[in-house]
Amino acid sequence: MGRKKKKQSKPWCWYCNREFDDEKILIQHQKAKHFKCHICHKKLYTGPGLSIHCMQVHKETIDKVPNSLPNRSNVDIEIYGMEGIPPQDLKDHERQKQSTRGPDSSDEDEPASKKVKPEGLLGNAPPGMPGLMPPGMVPGLVHPPPGLPPGMQMMPMAPMGAPPFMHPGMPPMLPPHMMMQSQPGPPKPLFPSAVPSSSPGAAVVGADFKPISSGATISAPPTTNTPCSSSSSSSQTPKSSTIQATGTSSKIIHPLEDISLEEIRARLPKYSRGSSWQKSEDAGSSTSTSTSEMSIAVSAAQQAAATQAAVIQAKAQEVQHQHMAMMGRMAAAAAAFPVRVSGPPFSVVTGAPVMAGPTMGVLRAPLIGGPLMRHPPIGMPPGMIQMPPGVMYGAPMFPGMIMQPRFR
Amino acid sequence: MMKSQAEYKLKSPPDDAISSVKFGPNTNQFLLVSSWDSYVRLYDVTANNLRQKYSHENAVLDCCFTDAVHSYSGGLDNTLKSFDFNTATESVIGTHANPIKCVEYCNELNCVLTGSWDHHVKLWDLRTSGASGNYNQSERVYSMDTCGEKLLVATAGRKVLVWDIRNMAYALQKRETSLKYQTRAIKAFPNKLGFVLSSIEGRVAVEYLDSNPEIQKKKYAFKCHRIKEDGLEKIYPVNAVSFHPIHNTFATGGSDGYVNVWDGFNKKRLCQFHQYLTSVTSLSFSHNGSVLAIGCSYFLEEDKPPSSLPEDTIYIRSVTDQETKPKYSSNS
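So the sequences go chain by chain: A and B.
Counting in the UniProt record's numbering, the first sequence runs from 1 upward without gaps.
Counting in the UniProt record's numbering, the second sequence runs from 1 upward without gaps.
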C-alpha cells in the first residue's frame with residue numbers, strides 16, 4: 001500500500017501521460033518534447049508560451065501541442081510540470097492508475113520497469129488504454145533500455161546537456177564562486193586564451209570588483225605596451241592587439257584588430273576632416289616601445305614629403321600584411337559611400353612636421369594604416385597608384401598632407 | 001497576437017550609419033538620432049517625419065536629450081554641441097582632444113558627461129559654461145551610462161570604471177569586465193542595482209554594483225547573437241543595449257541583425273524579433289517602454305562586405321508587455 005501511494009504521487013505529464021520520478025525531469029521533458037518550437041527549436045516553458053512564441057517570432061499559429069495525446073493537445077491550457085493540470089484530469093489519472101495497478105500485483109511495478117518492456121509505445125499510450133500500464137515507464141527512462149533510440153525516450157533527460165535559453169552560456173562562463181576569489185588569477189583561467197590585455201594591467205586591477213586603489217592602474221594602460229613589445233615576429237605589422245580567434249568552428253564577425261568598430265570606421269577617408277585622433281591614442285603610454293619595423297615605417301612616412309614613391313612602398317609592405325583584408329573592406333565600403341570631402345585637410349600641413357618628433361616611434365599598426373589612410377586622395381586618381389586596392393587609402397601620401405600627429 | 005504592422009520605418013533616415021537613437025525624456029513621440037553623416041536629427045515618430053536637424057563638422061557618434069527641447073551631441077569633430085529645438089539655435093559647449101564617443105545626461109545632477117577616445121570623461125554642468133571637470137579613464141572610452149548619481153564607463157582594454165558624479169576625484173571601482181572580448185556597450189539597470197555589458201563576441205554580462213561577495217555571486221554572462229551556418233558558428237558583436245524603463249528587462253541588438261529582449265534577473269529570453277537587414281547599431285526604449293527604436297546600419301564588421309550595402313534604417317516598433325515583462329516575476 002505504501003508503495004502504491006508513492007507511485008501515485010509521482011509527477012506525470014499531462015500531455016502524454018508519462019510519469020517521472022522527479023518533477024524537474026518532468027519539466028525538462030515537457031520543454032523538450034512538448035514546448036519546443038518546431039521551427040527554431042527553442043524550448044518554451046508552457047503551451048501558451050509556445051504558441052505566443054510561434055506567433056510572434058515566426059508568425060505561425062500552433063493549434064496543437066507537439067507530441068501530445070489527441071485529447072490533450074490544447075495550447076491554451078497553461079501547464080508547467082504538475083501545475084495547471086485540470087482537476088478533473090488529475091482525478092482521472094489517479095483513478096486510472098489505481099485500476100491499472102489493481103490487477104497487477106504490486107510487485108509487478110518494479111520489475112516491469114527494470115525488465116524494459118517495449119516502452120516506446122507505452123509512453124504515448126493514450127489514457128484510454130489503461131492496460132498498458134504507463135506508470136511502469138518511468139524507471140525505464142532513467143535506465144535506458146538498450147534498444148531504445150536515444151533521441152526518443154531519453155528526451156526528458158537530454159536537456160541536461162542543453163539547457164534552455166540563456167543557461168547554456170552560463171556554465172562555461174563564470175561559476176560565481178570562482179569569481180569571488182580575491183586573486184586576479186581565478187577569473188583568468190576561465191578565459192585562458194582570451195585576456196588580450198597585458199598582465200600588468202590585470203594584476204593591478206585584480207579581482208573584478210576590487211575598488212580602485214590609488215592611481216596605480218592609471219599609469220599602466222595595459223593593452224598598449226604589450227603588443228608592441230611582444231610583436232617581434234619579423235614581417236608582421238606590429239599589432240595593437242588583435243581579436244583572439246575563437247576556434248575553428250566559430251568565427252567572430254569583427255575586424256581582426258581589437259579596436260572598436262567606430263574607430264575603424266573613423267579611418268575612412270570621408271571622415272578625415274580635421275580629425276587627428278588616430279595618432280594621439282595612448283599619448284600617455286607612448287614611450288620607448290617601438291619595433292624596428294615601426295621606425296622604418298615612420299621614417300618612410302617622414303620622407304614622404306620628399307619621396308612619395310618610397311613611402312608608398314614601405315606602406316604597401318606594412319599594410320599589405322595584416323590590414324589587407326580590412327582595408328579592402330573599407331575600400332569597398334567607401335566605394336559605396338560617396339566620399340565627402342568638405343575641404344582640404346587644413347590641419348594637415350601644419351601637422352606634418354611634427355611627425356619627425358621622437359614620439360613617432362610608437363606608431364602602432366592601426367596608426368600606420370590610420371593616418372595614412374585618412375586623407376582622401378584629392379587630385380590623385382587612385383588608379384595612378386599601382387597598389388592592391390586595399391592600399392588605396394594609403395595612396396594619398398601627398399607631400400605635406402600625410403598626417404598631423406598631435407600627440408605622438 | 002503581435003503582428004508586424006506594429007513596426008514601421010522612419011522616413012527620411014540619415015544618409016550614413018546611425019550611431020545613436022534616443023527617445024526624449026517624457027515622450028514616445030520624439031526621437032533623437034545621430035549619424036555618421038554628421039547630422040543630428042529630431043524625428044517625430046508619431047507623425048513619422050523629420051522635424052529638425054543640425055550638423056557637426058564630422059560624423060556624430062552620440063547624442064542625448066537633456067530635456068524635451070535640448071540636445072547635446074559629439075563625435076569625430078571632438079566638439080560637444082548643444083541645440084535648442086525651440087529656437088533652432090546651436091551652441092558649441094566645448095571640446096575634447098579626440099573624438100567624443102559618448103554623450104550622456106545625468107538627470108539627477110543636471111549635467112552632461114562626455115566620454116572620448118582621448119581617455120577622458122568631461123563633466124559639463126549645464127548651469128555654467130565650459131567643462132566642470134576632466135577625468136582620466138586611462139583608456140579610450142567606448143561606452144558610458146549613468147546610473148543615478150553614478151557614472152559607468154566602459155573603456156578599451158575591457159575595463160569598467162564606476163564614478164560618483166558628485167565626487168569625481170576618484171573612481172569608486174575599477175573592474176576588469178567578466179567578458180574576455182572588447183566591450184561594445186554598457187547600460188545600467190533602471191533599478192540601479194547593476195549593469196549589463198555587451199561584447200563583440202556575442203556575449204552579454206549581467207553584473208552588480210554592490211561589491212559585497214554575496215551580491216557579486218549573482219553575476220553571470222550568456223551567449224547570444226550567434227548564427228550557426230554550415231557548421232560554422234558566426235559570432236556577432238552585440239552593439240546595442242537598451243533597458244525597458246519599467247520592467248528592468250533589456251533589449252540587445254547585434255550585428256547579426258537580431259534584437260532580443262531579456263529578463264536579466266531571471267535569466268530568461270523574453271522574445272526575439274525578426275532579423276533586420278543589417279547590423280543593429282543602436283536601440284532605445286521610449287520613456288514608458290511601449291516603443292522601441294531600432295537603428296540599423298552596416299558597420300564594416302565582415303571581411304567581405306555585402307555587394308550592395310543595406311540602407312541605414314530606423315525602425316519604430318511597438319512592444320507589448322508580453323515581449324518585455326518578466327514572465328515569472330520572482331522579484332518585482
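Quick caveat, the hints were computed from the structure, so don't treat them as lab data.
Any given hint could turn out to be false.
Claimed, not checked - With a straight-line Cα cutoff of 16 Å, these simulated EDC-like cross-link-like pairs (lysine to aspartate or glutamate) come out:
1) A:K91 x A:D76
2) B:K9 x B:E311
3) B:K9 x B:E57
4) B:K192 x B:E229
5) B:K234 x B:D164
6) A:K36 x A:E78
7) A:K251 x B:E229
8) B:K223 x B:E233
9) B:K268 x B:D321
10) A:K251 x B:E233
11) A:K59 x B:E7
12) A:K251 x B:D164
13) A:K36 x A:E60
14) A:K10 x A:D92
15) B:K327 x A:D92
16) A:K251 x B:E7
17) B:K192 x B:E233
18) A:K24 x A:E60
Stated by the list, open to error - Some chain A residues close to chain B (C-beta under 7 Å, calculated; not the full set):
19) Q56
20) V57
21) I253
22) A266
Virtual Cβ for every residue (Gly too), placed ideally from N, Cα, C.
Each hint tested on the structure:
no.: 1; hint: A:K91 x A:D76; in the structure: violated (21 Å)
no.: 2; hint: B:K9 x B:E311; in the structure: holds (11 Å)
no.: 3; hint: B:K9 x B:E57; in the structure: violated (27 Å)
no.: 4; hint: B:K192 x B:E229; in the structure: violated (38 Å)
no.: 5; hint: B:K234 x B:D164; in the structure: violated (38 Å)
no.: 6; hint: A:K36 x A:E78; in the structure: holds (15 Å)
no.: 7; hint: A:K251 x B:E229; in the structure: holds (11 Å)
no.: 8; hint: B:K223 x B:E233; in the structure: holds (12 Å)
no.: 9; hint: B:K268 x B:D321; in the structure: holds (15 Å)
no.: 10; hint: A:K251 x B:E233; in the structure: holds (6 Å)
no.: 11; hint: A:K59 x B:E7; in the structure: holds (14 Å)
no.: 12; hint: A:K251 x B:D164; in the structure: violated (38 Å)
no.: 13; hint: A:K36 x A:E60; in the structure: holds (14 Å)
no.: 14; hint: A:K10 x A:D92; in the structure: holds (15 Å)
no.: 15; hint: B:K327 x A:D92; in the structure: violated (30 Å)
no.: 16; hint: A:K251 x B:E7; in the structure: violated (31 Å)
no.: 17; hint: B:K192 x B:E233; in the structure: violated (34 Å)
no.: 18; hint: A:K24 x A:E60; in the structure: violated (29 Å)
no.: 19; hint: Q56; in the structure: holds (5 Å)
no.: 20; hint: V57; in the structure: holds (6 Å)
no.: 21; hint: I253; in the structure: holds (5 Å)
no.: 22; hint: A266; in the structure: holds (6 Å)
When the structure is compared with the earlier hints, violations turn up for hints 1, 3, 4, 5, 12, 15, 16, 17, 18 and for no others.
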